[in-house]
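Protein chains in written order, with our numbering: chain A, 4 to 224; chain B, 4 to 224.
Among the hints, a few may not be true.
If chains are identical, the list can't say which one is meant, so a pair holds when it fits in one copy or spans any two.
[As the list claims (entries may be wrong)] Each computed DSS-like pair below joins lysine-lysine, with the alpha-carbon atoms no more than 30 Å apart: (1) K49 with K68; (2) K104 with K68; (3) K145 with K175; (4) K203 with K49; (5) K203 with K131; (6) K145 with K131; (7) K175 with K37; (8) K68 with K131; (9) K68 with K175; (10) K49 with K175; (11) K37 with K68; (12) K131 with K49; (13) K175 with K131; (14) K37 with K49; (15) K37 with K104.
Treat the hints as calculated values from the structure; they're not laboratory data. Since the model is a prediction, treat every value here as computed from it, not as a measurement.
2 protein chains.
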Amino acid sequence: MRLLLVEDDRLLAEGLASQLEKAGFSVDITRTAKEAAILGEQEDYKAGVLDLGLPDGNGLDVLRKWRSSKAIFPVLILTARGDWQDKVNGLKAGADDYLAKPFQTEELIARLNAIMRRSEGRVHSSVKAGRFELDENRQCLKVDDGSEHSLTGTEFRLLRCLMGRPGHIFSKEQLMEQLYNLNESPNENIIEAYIRRLRKLVGPETIATRRGQGYLFNDAV
Amino acid sequence: MRLLLVEDDRLLAEGLASQLEKAGFSVDITRTAKEAAILGEQEDYKAGVLDLGLPDGNGLDVLRKWRSSKAIFPVLILTARGDWQDKVNGLKAGADDYLAKPFQTEELIARLNAIMRRSEGRVHSSVKAGRFELDENRQCLKVDDGSEHSLTGTEFRLLRCLMGRPGHIFSKEQLMEQLYNLNESPNENIIEAYIRRLRKLVGPETIATRRGQGYLFNDAV
DNA sequence: CACGAACCTGAACTCTTTCTGAAAATACCA
DNA sequence: TGGTATTTTCAGAAAGAGTTCAGGTTCGTG
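Given these sequences and hints, build the entire structure.
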């Protein structure tokens with residue numbers, strides 16, 4: 004679940020990123036409007052967090068640039084406390100939510116999850132597919148026989164990706180992009196290794212291989 | 004991942020091609036507008052890189068020709084530095100992105116990947132013929148009794164070619180061209196071998212042989 | 001009718017991709 | 001800091017896809 008954080012206060016940005024990563028995101032940070040515009044257009048993010056005060060330009064212009072290109076991921080903007088004008092302008096420019104500084108990271112995460120759910124057309128904070136259900140809050144997998152299994156961070160992110168679109172084939176490259184940010188890029192065999200672990204949980208049939216194409220979650224099992 | 008590179012500067016073209024091939028593309032190069040138009044319509048590329056200045060015509064006309072046919076692969080155009088008009092016209096003509104010369108190959112590759120991602124799922128295209136339907140996204144064959152069979156890469160490409168024009172006779176040479184780029188050229192018996200495999204899926208009557216001419220997909224069965 | 005060319009067929013072979021188990025590296029927590 | 005959980009790498013095994021081959025069959029033509 005890749006996320007773009009646009010924030011020029013380096014300290015704040017890195018603190019946030021570390022907490023967001025614990026919450027299952029893989030975060031790219033940028034400090035400038037210029038880079039933000041490019042990254043937003045080129046990379047495949049699931050959401051963006053945008054501070055409006057940037058050294059080299061206005062965050063709203065970045066947002067407009069995203070929206071006029073095909074970057075359609077949901078965006079949450081950070082505003083100074085009670086700056087109503089910013090809020091209104093932001094929503095006009097296509098933001099999905101806003102949050103006034105200072106804020107609790109928990110609230111940011113909750114709101115992010117909310118706008119991502121909405122943009123995917125989901126209502127609940129869980130993903131269901133076949134006999135399985137993924138609990139976003141507890142980061143665990145429930146089976147319809149009542150059993151439950153907790154997942155590590157990477158297991159969870161990979162499984163969420165696959166279960167989010169049952170039947171859709173995800174290439175290893177796509178999965179790598181969703182699991183890791185621009186800085187990290189481990190050996191692609193890592194996907195095979197995690198697929199194997201997940202299969203031990205959900206059964207070998209549930210995650211199918213399409214040789215040369217990728218993997219898919221089979222909800223018809 | 005086939006890619007068509009339209010560039011008249013032979014040196015630049017070959018340098019680019021070699022780097023693109025390292026990045027996982029299989030590249031066909033053409034230097035003329037005429038050939039570009041034909042290749043773009045007939046071959047199955049995943050993306051195109053189009054230089055606008057060609058010896059025998061304007062690159063934008065090539066792009067328009069592609070767009071008016073069924074060539075819907077994403078296209079990145081190369082323009083002279085800062086040529087604003089070219090950029091606008093290019094996007095109007097249906098380009099997906101542009102890049103000003105000179106450029107870093109890394110950036111070209113990044114942008115290519117970006118436009119290819121965006122264009123995925125642009126259309127959930129499927130080819131129907133007779134009792135069969137070919138799902139382009141999942142690379143599988145659906146029969147109208149509800150059954151479904153996933154195909155290997157080569158099976159899929161060959162079947163798509165035949166089903167794309169039911170009743171039309173494709174010579175073995177034509178099929179070879181569709182399946183392989185200009186560098187690879189296996190024994191022509193490979194077509195017979197794959198025709199046989201496909202017949203096991205769709206039934207022997209559905210793919211007919213015209214001795215001395217080629218094969219055709221029979222949608223009247 | 002006989003012959004050659006084109007096509008069919010099944011199996012074998014090669015090469016690439018994926019699987020697998022274990023070990024090494026790293027991050028995390030007390 | 002030491003111990004534990006997690007992530008990442010590695011290398012050999014297995015499986016699958018692509019390709020070739022050799023022999024059989026069918027077809028059209030002289």
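These are the hints, each one checked on the structure:
For the homomeric pair K49 and K68, the shortest alpha-carbon distances inside one copy (17 Å) and between copies (26 Å) are both at most 30 Å. In the homo-oligomer, the alpha carbons of K104 and K68 lie at most 30 Å apart both inside one protomer (24 Å) and across protomers (23 Å), since each shortest distance falls under that limit. With identical chains, the CA atoms of K145 and K175 are at most 30 Å apart both within one copy (25 Å) and between copies (25 Å). For the homomeric pair K203 and K49, the shortest alpha-carbon distance inside one copy (28 Å) is at most 30 Å, but the shortest distance between copies (35 Å) is not.
When the C-alpha separation of K203 and K131 is checked against a cutoff of 30 Å, the pair qualifies only within one copy, where the shortest distance is 19 Å, while the shortest distance between copies is 36 Å. With identical chains, the CA atoms of K145 and K131 are at most 30 Å apart both within one copy (9 Å) and between copies (25 Å). Within a single copy, K175 and K37 get their C-alpha atoms as close as 24 Å, which meets the 30 Å cut-off; across copies the closest is 37 Å, which misses it. Proximity of K68 and K131 under a CA criterion of 30 Å is satisfied intra-copy only: 25 Å inside one chain copy versus 39 Å between copies.
Proximity of K68 to K175 under the C-alpha cut-off of 30 Å is restricted to the intra-copy arrangement: shortest distance 27 Å within a copy versus 34 Å between copies. In the homo-oligomer, the alpha carbons of K49 and K175 lie at most 30 Å apart both inside one protomer (18 Å) and across protomers (18 Å), since each shortest distance falls under that limit. Proximity of K37 to K68 under the C-alpha cut-off of 30 Å is restricted to the intra-copy arrangement: shortest distance 10 Å within a copy versus 35 Å between copies. In the homo-oligomer, the alpha carbons of K131 and K49 lie at most 30 Å apart inside one protomer (19 Å), although the nearest pairing across protomers, at 33 Å, exceeds that limit.
Taking CA atoms no more than 30 Å apart as the test, K175 paired with K131 passes in both settings, with 22 Å inside one copy and 29 Å between copies. With identical chains, the CA atoms of K37 and K49 are at most 30 Å apart both within one copy (20 Å) and between copies (29 Å). When the C-alpha separation of K37 and K104 is checked against a cutoff of 30 Å, the pair qualifies both within a copy, at 23 Å, and between copies, at 20 Å.
Checked against the numbered hints listed earlier, the structure breaks none of them; every hint is satisfied.
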